[in-house]
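Enquirer: Read off the chains here:
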Amino acid sequence: MTDTIGFKLNDKPVRLKVDGDRPLLWVLRTDLGLTGTKYGCGEGHCGSCTVLIDQRATRSCLLKIKDVKGKEVVTIEGLVRDGKLHPLQRAFMEHDGMQCGFCTPGMILTGVSLLKFNPQPTEQQINKGLEQNFCRCGAHVRIVKAMQQAAAEMKGAR
Amino acid sequence: MKTNDFLAANFRDIHRYEDFFSSNRRDFLKRVGGGIVILVALNDVVLGQEEAARPRGGRPGLPTDFNAFLRIGEDGRVTCLTGKIEMGQGPITSLPQMLAEELDTPLDTVDIIMGDTELCPWDMGTFGSMTTRIFGPALLAAAAEAKVVLLELAADALKVPQAQLVAKDGAIFDQQNPKSRMTYGHLAKGQKIERHVQAKPALKDPAQYKIAGQSHTRRDGEAKVTGKAHYAADIRVPGMLYAKILRPPAHGAKMKSVDTAPAKEISGVQVVQDGDLVAVLHEFPDVAETALGKIKAEFDVPAATVDDKNIFDHLLSVAPEPRILKQGGDLDAGKAGAAKKFEATYLNSYVAHSPMEPHAALAQIEGDKATVWASTQNPFGARDQIAHAIGFPAEKVRVITPFVGGGFGGKTNNAEAVEAARLAKASGKPVQVMWTREEEFFYDTFRPAAVVKINSGVDAAGKMAFWDYDVYFAGDRGSQQFYTVPNHRTGSSGSGFGGPAGAHPFATGAWRAPGNNTNTFARESHIDMMAAGAGIDPLEFRLNNLSDARMIRVLKAAAEKFGWKPAKGPSKRGYGVACGVDAGSYVAAIAEVVVDAAKGAVQVKRVVCAQDMGVVINPEGATIQMEGCITMGLGYVFTEEIHFKGGQVLDTNYDTYEIPRFSWVPKIETVIVTNNETPPQGGGEPAIILMGALVANAICDATGVRLYQLPMTPDRVKAALQKA
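Protein chains in written order, with the working numbering: chain A, 1 to 158; chain B, 1 to 724.
Simulated from the structure, these hints should not be mistaken for lab results. Be a bit skeptical, because a hint or two may be false.
Unchecked claim - Cut-off 30 angstroms, straight-line C-alpha distance, at most; resulting in silico cross-link-like pairs (DSBU-like, lysine-lysine): (1) A:Lys64 with B:Lys159; (2) A:Lys66 with B:Lys264; (3) B:Lys192 with B:Lys159; (4) A:Lys64 with B:Lys228; (5) B:Lys228 with A:Lys84; (6) B:Lys228 with A:Lys66; (7) B:Lys667 with A:Lys116; (8) B:Lys294 with A:Lys66; (9) A:Lys155 with B:Lys264.
Remember, it's a predicted structure, so these values are computed and weren't measured experimentally.
Use the sequences and the hints to build the structure in full.
Expert: In structure tokens:
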């Protein structure tokens, strides 16, 4: 069944004619060509498909496209503002917070959401906040350092 | 062009590059448009006769084809063309460092093209820690040869003797007149020079390195944090369809009947049946998935005889007589001279590779030419498999390897690339195949379940008196111990790459440091048991029984950083020691754990790891690999094992198969033990081999109870503690 679904995507309004029951992940990756959002497990375990919905980290593989109607969706492609990387993106680069990089978009968006709602997290809170995002290469210690650096730089901004 | 742009362009804008580089590699050399091209073969000239002749990956030695290309363009930019791929381990950063160093050109003038079978020279694959260790010398040789060419050209142009010239920062200078200089770009301009490396070149002394040996952050960092980095499943071409493939419920199952009609009722669905390959194609992958679910199929599933409980008995029952890998002295004499004897059997289960990126490929066939973007560790192997499967000559198949989202040895079979190519041929459309997580678990080439049996003894002075070792199905790598034992025998039964038919109910294969994880778990656990039995501190026991200076050095380095205070085990401190050799590197680690006896839960608090990997190209990159090994290794230590019943893999996703998470990660401290006397050795695998014994030894030190089976799940830890 085709629905018309409007929402804000990376700061721009979009209107799609799609079957509203289709997963947000696949609409992003195929219909909209935003391939930065990754498929990792399809069941919400790994966090590779994480996007921001109204600033909260959300797994796009479990979400139907009709559920984002009227909401604000940010994918990794939308994190750069005015040509500038988000402080967490820069921190990931400076600390080599990735190896293969496949989990990185989901990891960064989960981190952005965490810093939004808890601007000065402790190391334990960072671990807890990222616990459900899997990284197989073992970049964890670097990711934690990147989170700490970004938190210190941002001081609650953005 | 910056590396990232070059790579990106290479994926997105292939036709532009096809105009530039021809479809034939030999033509490419003619049509490359000028500049200086150096070719080098991975042969005895570069590697030495012994290394070149050593069999690898089933191949009898290395091919004599040219393995490395280096091009200096007329704009002065230098390009490294390599069949190696980037899956996170970092050659995209370290290979340009090596090249820039040997060529004396700034790092930012170097570009790298990886894993494209049309542009890059043949390569056996990215595994076995061979990129820096084996490919590195070829690249250095090419760079050294290029410099010779540049010096010749400069001598001619500047009209000064070559001996008076020196290369620096991408230019050749006259030492007596520094204003007299020519950049590499100037020198390459108007040239069409093709050189083959004929003799082992004189290379720089690593002690003089200025670009190599320095830490650099990843070159692909920006692409990866912005979502611009493309993986195989991110490639889009017009008219492409997504495939979902009908799978059997178990390995060994045969299809009895299939009814695809219900799937065809969904608008836009195309069903392909090509022999045993039944697939549903659609412009959206999720719709293809829905359609696949409507196919009705019946399978004959063979009765299950083995499962994850009885597998070890089964393996021993089908094991061939072990091959003797090494022996010396007299075992009976050793036994007679032993004051204490130790006998144990060590087990480990099947372990999945589980890269975060599932296998994926996109195949496009245009006329008589196939182009396949694949998530693979061996693009040239994929090319040949695809060519065979669709009946194309190999030169009409081009495999392009975008970023690979983790491999660990699991992306060498290329089944998904073959499937994509077959479906593209059958449907006449470009087809993407991306495995679901369930397919990823089902078709993985697991690290084999394996058994190690050790008999050993120490004399009254705490010296090892004998060592009798048999490994079953893990493979040879890491089985040969390095302690000083007068009487010893090491045997290996089956192989780590499949074993005899009927041994394993599904595919097995190389898994990061294949064989060595199992062998080092068994050996280093057993050494610890001997130390405790002899009443000697486990570090001291090792040092007492070692003569290998590199091993002694890494052990001492780890102990110093850790602040080791000797005590015989179990000391109740929860400290563990382990050491090993892999891919030419020496590695030692010390860990501290806390055991929650009631829950059987073990938390690793701290790991100190010291590694001697010879000359280090990118110290930060090498450190990251050590950290990654330690972190990834915690998975096979604590949770990772495949549950199965016959050919049915019961783990289908991360709900039952748990991989390491943030809360597991200990404080990790690494020490790179400087060794500029040894050429670069493996860096991406060695540290992971220690993790099993390191944690088992620490648990035993904390509790006095030894675990003999990996993974050491809470249930197994609790059971062992209760039994004690």
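Enquirer: Does each hint hold? Answer for all of them.
Expert: Hints versus structure:
With a CA separation close to 73 angstroms, the supplied pair Lys64 of chain A and Lys159 of chain B exceeds the 30 angstroms bound. For the suggested pair Lys66 of chain A and Lys264 of chain B, the alpha carbons sit about 26 angstroms apart, so the restraint of at most 30 angstroms is met. A C-alpha spacing of about 21 angstroms is found between Lys192 of chain B and Lys159 of chain B, which places the hinted pair at or below 30 angstroms, so the restraint holds. A threshold of 30 angstroms between alpha carbons decides the hint, and for Lys64 of chain A with Lys228 of chain B the separation of about 25 angstroms falls inside it, so the pair holds.
Distance hint between Lys228 of chain B and Lys84 of chain A is fulfilled; the C-alpha atoms sit about 15 angstroms from each other, no more than 30 angstroms. With a CA separation close to 27 angstroms, the supplied pair Lys228 of chain B and Lys66 of chain A stays within the 30 angstroms bound. Distance restraint check for Lys667 of chain B and Lys116 of chain A: the Cα-Cα separation of roughly 27 angstroms lies within the 30 angstroms cut-off, and the hinted pair is therefore satisfied. Between Lys294 of chain B and Lys66 of chain A, the direct Cα distance comes to roughly 24 angstroms. Compliance with the 30 angstroms bound is thereby established for this hinted pair.
The hinted pair formed by Lys155 of chain A and Lys264 of chain B fails the criterion: a straight-line CA distance of about 56 angstroms is larger than 30 angstroms.
The structure does not agree with the numbered hints 1 and 9 stated previously, though it agrees with the rest.
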